[in-house]
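Read top to bottom, the protein sequences are chains C and Z. So for the first sequence, this note's numbering puts the first residue at 47; every next one is plus one. So for the second sequence, this note's numbering puts the first residue at -14; every next one is plus one.
Because the hints were derived from the structure by calculation, they are not lab data. Just so you know, these numbers come straight off a predicted model, no measurement behind them. Where is the CB? At the ideal position from N, CA and C, for every residue including glycine. Be aware that a few hints might be false.
Now the in silico label distances, taken between C-beta atoms and shown as ranges [as the list claims (entries may be wrong)]:
(1) C:S112 / Z:T19: 42 to 48 Å
(2) Z:T103 / C:N156: 23 to 29 Å
(3) Z:K73 / C:C200: 31 to 37 Å
(4) C:T71 / Z:A118: 44 to 50 Å
(5) C:L107 / Z:A118: 26 to 32 Å
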Amino acid sequence: MNLFGNAVPWRSIAKEALERTAIVTRFLCLLHVTNTYICTPTLVYGPSMLPTLNLTGDVLLAERVSHRLGKVRPGDVVLVRSPVDPRKSLTKRVVAMGGDKVTFVVDPRNSDRVRTITVPRGHVWIQGDNIYASRDSRQFGAVPYGLVEGKILCRCILMCIVASIVCIKRTPCSPMQVWPLDGFGLLHH
Amino acid sequence: MNLFGNAVPWRSIAKEALERTAIVTRFLCLLHVTNTYICTPTLVYGPSMLPTLNLTGDVLLAERVSHRLGKVRPGDVVLVRSPVDPRKSLTKRVVAMGGDKVTFVVDPRNSDRVRTITVPRGHVWIQGDNIYASRDSRQFGAVPYGLVEGKILCRVWPLDGFGLLHH
């Protein structure tokens, strides 16, 4: 029997494949639009935001509406594109906005020297909560507001469990963090 | 006759209105996605890029793919979000990338003083072609690469300047 004979319904197979591809594509588009313009989960790790965020990884919900409306205030934890390596994003706390004076300890490991700087207009000053192990505005200066990509809303505790199970290299979060659910909800300072 | 009687076909009117709104919404979404991820027309004006760009306004086509792939080179005219006012975008020329040394005239109207600076890693140095009337990296310093929003391809309007920008 001819391979292209009428017994094999190529046309309907192709049509069905196209329909399913269209459904998947529409879903991915919707996901992308939600992630870019409404809110997105992000995985963050590292010591620079201890004790607020874990060393070994947290899944946070970042909303992407406020920064477009200019509603970023000192005290907010924000997602910022790194001015030093544009392929990375950082999660730090906003300490001062443009026009404010900020006083900070330059190198807390080695000295108590303190500096005061006025943040230029249109910039923000970001610092990690763990100033002993954080590369932030104290090293690379005030960050232009245009690099702010989102504001962290809360931590997704169930996703933290999933993330710690999936990431074999990192040690899992300690049980204290999982239960009782005191890690869920708005981030404390 | 009752306003909500069967003579006025409300259901089909509502259905048709919804369909048309859906078509318009899909078109706007497609337009937005094209503008953000492929290429977009932008209107630029001002004296800072004379003689390459006009004082009174040019419509340029900016493509938004290269900068995501890191293919921005010195000599490219780029669209950059302003580090001083995050609601504005600037159109300037990239003079140096991170790691390069850049030599520039600090204030050409008043003196010939020249400075040399090394551009920090992850930043670009942008200058307007008309250094006498341009607020650029000479005033606000090197700009983080993350603020680059697109690369200018060609001029679309006015028609007698249509085509690629000359250096």
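- Query: In this structure, is the beta-carbon distance linking Z:T103 and C:N156 contained in 23 to 29 Å?
  - Reply: holds (26 Å)
- Item | Distance restraint hint 31 to 37 Å, applied to the beta-carbon atoms of Z:K73 and C:C200 | holds (32 Å)
- Is it true that the C-beta distance of C:T71 to Z:A118 lies inside 44 to 50 Å, as the hint says? holds (48 Å)
- Query: For the pair C:S112 and Z:T19, does the Cβ-Cβ distance stay inside 42 to 48 Å?
  - Reply: Check failed, 26 Å falls outside 42 to 48 Å.
- Could you check the hint for me, namely that C:L107 and Z:A118 are 26 to 32 Å apart, CB to CB? violated (46 Å)
Hint violations for this structure: numbers 1, 5, all remaining hints satisfied.
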